[in-house]
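Whole structure, please, built from the sequences with the hints as guidance.
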Amino acid sequence: METISARQIRSAVVGISGPHITTSISKGVVAVSRADGEITVSDVGRVIEAARTVALPPNREILHVIPRSYVVDGQEKIDDPVGMTGIRLEVEALVVSGATSAIKNLTKCIFQAGLEIDDLVFAPLATGYTFLTKKQKEIGVGLLDIGGGTTSLVVFEEGDILHAAVLPIGSGLITNDLAIGLRTSIETAEKIKINYASAIPDKIRESETVSLAQFDAGETEKIEKKYISEIVQARLGEIYSLVANELKTIGKDGMLPAGVVLTGGGSKLEDLIEATKDYLRLPAEIGKQNFELGGFVDKLGDPVYATSVALMLYSFEHSQSSFSPSEPGILGKAKGFLKHLLP
Amino acid sequence: MPKDNLFVGLDVGSTKVAACCGEIVEGMINICGLRFRQFPKP
Numbered sequence: 453m454e455t456i457s458a459r460q461i462r463s464a465v466v467g468i469s470g471p472h473i474t475t476s477i478s479k480g481v482v483a484v485s486r487a488d489g490e491i492t493v494s495d496v497g498r499v500i501e502a503a504r505t506v507a508l509p510p511n512r513e514i515l516h517v518i519p520r521s522y523v524v525d526g527q528e529k530i531d532d533p534v535g536m537t538g539i540r541l542e543v544e545a546l547v548v549s550g551a552t553s554a555i556k557n558l559t560k561c562i563f564q565a566g567l568e569i570d571d572l573v574f575a576p577l578a579t580g581y582t583f584l585t586k587k588q589k590e591i592g593v594g595l596l597d598i599g600g601g602t603t604s605l606v607v608f609e610e611g612d613i614l615h616a617a618v619l620p621i622g623s624g625l626i627t628n629d630l631a632i633g634l635r636t637s638i639e640t641a642e643k644i645k646i647n648y649a650s651a652i653p654d655k656i657r658e659s660e661t662v663s664l665a666q667f668d669a670g671e672t673e674k675i676e677k678k679y680i681s682e683i684v685q686a687r688l689g690e691i692y693s694l695v696a697n698e699l700k701t702i703g704k705d706g707m708l709p710a711g712v713v714l715t716g717g718g719s720k721l722e723d724l725i726e727a728t729k730d731y732l733r734l735p736a737e738i739g740k741q742n743f744e745l746g747g748f749v750d751k752l753g754d755p756v757y758a759t760s761v762a763l764m765l766y767s768f769e770h771s772q773s774s775f776s777p778s779e780p781g782i783l784g785k786a787k788g789f790l791k792h793l794l795p
Numbered sequence: 003m004p005k006d007n008l009f010v011g012l013d014v015g016s017t018k019v020a021a022c023c024g025e026i027v028e029g030m031i032n033i034c035g036l037r038f039r040q041f042p043k044p
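Sequence lines, in order, name chains A and B. Quick note: the first sequence uses the working numbering, first residue 453, plus one each step. Quick note: the second sequence uses the working numbering, first residue 3, plus one each step.
The set of hints was computed from the structure by calculation and includes no laboratory data. In this text the structure is predicted, and so the values were computed from the model without any measurement. Zero decoy hints are in this set.
Using C-beta positions, here's what the derived DEER-type ranges look like:
hint	chain 1	residue 1	chain 2	residue 2	range
1	B	E28	A	E660	49 to 55 Å
2	A	T672	B	E28	54 to 60 Å
3	A	D668	B	E28	47 to 53 Å
4	A	S485	B	F41	50 to 56 Å
5	B	N7	A	S663	47 to 53 Å
6	A	Q527	B	E28	43 to 49 Å
Taking lysine-lysine and the DSBU-like style, the derived pairs with C-alpha atoms no more than 35 Å apart in a straight line are:
hint	chain 1	residue 1	chain 2	residue 2
7	B	K18	A	K643
8	A	K674	A	K751
9	A	K586	B	K18
Ideal Cβ positions, reconstructed from N, Cα and C, are used throughout, including at glycine.
Shown next as structure tokens:
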């Protein structure tokens with residue numbers, strides 16, 4: 453990375469994800485401190501801190517406390533209570549926590565690589581804020597990040613995060629299935645998945661075949677493309693049944709008007725949009741950046757960079773006080789980016 | 003927060019590591035580095 457960018461890299465915003473990440477709802481209540489009852493930034497900080505005092509097992513750590521809505525003297529669904537007048541301030545917050553051991557292992561790896569950590573961020577949240585528009589988040593949308601080992605789901609509604617989950621299954625298992633089903637190496641299976649697999653076998657003619665010799669000189673077999681896609685479809689069905697179950701738990705199965713936005717390396721699978729529409733009974737699209745960026749932008753369309761770009765933008769947003777970009781469009785778009793992630 | 007005008011995002015997954023490096027040039031975020039490494043290497 454230092455060679456490519458010709459710069460010395462000292463620190464990074466690091467994304468954390470995995471099945472050990474869990475979310476829960478917590479509520480906090482405080483009395484407004486000022487005598488005239490006007491709610492200040494300090495009161496908001498205190499009520500979020502109160503929501504943070506959730507009972508967690510000793511092997512878990514809180515990563516984020518994300519305010520969803522405030523209540524002032526019984527008046528509900530307030531986005532920003534600062535400046536309002538009241539006596540009692542309440543908050544409903546989404547608490548994102550992770551296993552202490554996983555967090556320590558990750559941070560140790562980063563330190564051993566000679567890097568400092570600017571911040572540790574639940575990766576799907578950063579991706580959600582970068583790849584979803586305000587309108588999508590307002591009317592209800594799910595961001596599905598299909599990674600190699602895990603699939604992350606973040607659901608937004610009315611502009612707030614409604615739910616986040618990490619499923620212990622990803623597109624790496626499709627590669628493993630292909631390796632077993634076609635009796636090839638993992639490397640060959642990965643190449644077949646990228647170049648020939650489709651999420652919908654019915655779209656492929658029986659006569660279409662793939663010669664394994666093009667990937668491995670030792671192989672002579674020819675495989676039907678339809679058979680490859682049937683293997684893919686079986687595992688994809690499992691992934692989507694878990695996603696559908698997750699949506700059912702929050703009452704959003706088939707009920708997200710803005711549909712599902714797909715990111716991650718797994719989203720490159722051919723015909724995935726159509727398959728997602730069929731499985732989840734929701735509109736589906738591939739995620740696109742909401743930010744104007746310069747430089748190596750030609751590669752940014754590749755979903756494998758989605759999370760790293762989102763984390764970079766997070767880093768940018770949290771150092772805004774140090775810089776004064778003259779481009780108002782960028783600032784405007786970046787303003788408020790991920791501000792809810794930190795207490 | 004970064005000590006210089008350089009913003010780095012590091013995405014450590016179970017099967018890959020992706021990094022993105024950006025800086026502010028003339029008021030715009032300029033991507034100066036992208037790196038992706040998959041394990042096992044295909």
